[in-house]
Amino acid sequence: MRAELIAWTAAILIITYLSWETVSPLITPIFFGIVLAYAAYPIHRRLSGRMSRKTSAAILTAGTVGLGGAVTFEMLLISVKVASSFYDSIVEFFDWLMSQPLPPEVLTFLERFSDQLIPRVSEYISHETLSLPRYILQLLVFLLTFYYSLAYAEEISKQIHLSLPGKNRELGERILESLNKTLGALVRAWLVLNVIKGVLMTFGFLLFGVSDLYTAIVAGFLTFIFSFVPLFEGWMIWLIAAAYFAKDAMYLHAVGIAIYGFLLVSPMPDYTIRPMMVAKDANLDETLVFIGMIGGTWAMGVKGLIIGPIVLNLLLVLLKEWKRVVSKEPLRRHSQAPSKPVPHPGV
Numbered sequence: 070m071r072a073e074l075i076a077w078t079a080a081i082l083i084i085t086y087l088s089w090e091t092v093s094p095l096i097t098p099i100f101f102g103i104v105l106a107y108a109a110y111p112i113h114r115r116l117s118g119r120m121s122r123k124t125s126a127a128i129l130t131a132g133t134v135g136l137g138g139a140v141t142f143e144m145l146l147i148s149v150k151v152a153s154s155f156y157d158s159i160v161e162f163f164d165w166l167m168s169q170p171l172p173p174e175v176l177t178f179l180e181r182f183s184d185q186l187i188p189r190v191s192e193y194i195s196h197e198t199l200s201l202p203r204y205i206l207q208l209l210v211f212l213l214t215f216y217y218s219l220a221y222a223e224e225i226s227k228q229i230h231l232s233l234p235g236k237n238r239e240l241g242e243r244i245l246e247s248l249n250k251t252l253g254a255l256v257r258a259w260l261v262l263n264v265i266k267g268v269l270m271t272f273g274f275l276l277f278g279v280s281d282l283y284t285a286i287v288a289g290f291l292t293f294i295f296s297f298v299p300l301f302e303g304w305m306i307w308l309i310a311a312a313y314f315a316k317d318a319m320y321l322h323a324v325g326i327a328i329y330g331f332l333l334v335s336p337m338p339d340y341t342i343r344p345m346m347v348a349k350d351a352n353l354d355e356t357l358v359f360i361g362m363i364g365g366t367w368a369m370g371v372k373g374l375i376i377g378p379i380v381l382n383l384l385l386v387l388l389k390e391w392k393r394v395v396s397k398e399p400l401r402r403h404s405q406a407p408s409k410p411v412p413h414p415g416v
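Residue numbers for the sequence shown, in this note's numbering: 70 to 416.
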């Protein structure tokens, strides 16, 4: 019996480990697919009142596919242009530096440094270019997760509530309520802040004379879209504008648009304005949200912006429950303690 238990435990551990190794590269697209489905659920609920839930989920997924395809194509074009411009700028910079009247020792050091740096940059750019199929695969997983999360949202919700333990069901309900409240606040802050980012980027393109009104509006729209995409984010747009100015030797404009974008578009607002919005909407402490976003991003990447505050809020719920249990425990023991008999006056 003991050998059978050991065998089954080993088999379960091996299967769990292999399952995690299989799913772990796709955790990010699965996570964001669930988050986007959560954000789109109010629209899905209205549409499902007029049609079936699967049809509604398919329509929303088709719209996401069209938008995702356009964004993927645009990112491919922008990535190729930025990578090529960045590589050419590095080569031109070192050619210019080597032509300056510098001491022979400095020139020798710069020559060796450039001989090592430029091939590494070229290798990195080639690696990132070849990683496009991986991004497309992640996009496919993201879309499938989005569709099935919407199509079977009711079943998933029922299973979650049925899985709550009967003994501590009240605590489970409070945890789910806290999770829903915090996630809702994060998603709303995410959407609102991304719209503000897009408007500010459009205004920045016009303010610094990067382009005309039409291109500035397109840049603002791409900033809004890219802010939902892990790794790319909104900083891609102002970085391209800064590179455009630097290529034409307009360094003050390049520094200006870079500072403007860094402070008002990305990444500074993600760690200043977003925590305040989330804290106000979810009735949380701003410092807690800020620590959750910083620590979550540090530990888990972009998805940590959402996971971090949620985890810390759930920790507060558990600490409050533990405090409540501990405060009642002495009272319960005191009430169960046998009382001493009162001595009879006549004794």
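Hints in this document: simulated from the structure, not taken from any laboratory.
Please note that a few of the clues may not be correct.
Think about it this way: if two alpha-carbon atoms lie no more than 30 Å apart in a straight line, the pair counts; the simulated BS3-like pairs of lysine-lysine are [unchecked claim]: (1) 123 x 236; (2) 250 x 123; (3) 372 x 250; (4) 349 x 372; (5) 316 x 349; (6) 349 x 123; (7) 227 x 372; (8) 392 x 250; (9) 349 x 392; (10) 389 x 250; (11) 389 x 372; (12) 250 x 316; (13) 236 x 349; (14) 250 x 236; (15) 392 x 123; (16) 316 x 123; (17) 227 x 250.
Evaluation of the provided hints:
1. 123 x 236: Distance of about 35 Å is beyond 30 Å: violated.
2. 250 x 123: Cα-Cα ~26 Å, so holds.
3. 372 x 250: At roughly 18 Å apart (the allowed maximum being 30 Å), residue 250 and residue 372 satisfy the hint.
4. 349 x 372: 21 Å, holds
5. 316 x 349: 43 Å, violated
6. 349 x 123: 35 Å, violated
7. 227 x 372: 26 Å, holds
8. 392 x 250: 22 Å, holds
9. 349 x 392: 25 Å, holds
10. 389 x 250: Holds. Residue 389 to residue 250 sits at ~17 Å (cutoff 30 Å).
11. 389 x 372: Between residue 389 and residue 372 the Cα gap is close to 26 Å, so the pair holds against 30 Å.
12. 250 x 316: 47 Å, violated
13. 236 x 349: 33 Å, violated
14. 250 x 236: 24 Å, holds
15. 392 x 123: 44 Å, violated
16. 316 x 123: Roughly 50 Å separates the two Cα atoms, so the pair is violated.
17. 227 x 250: 18 Å, holds
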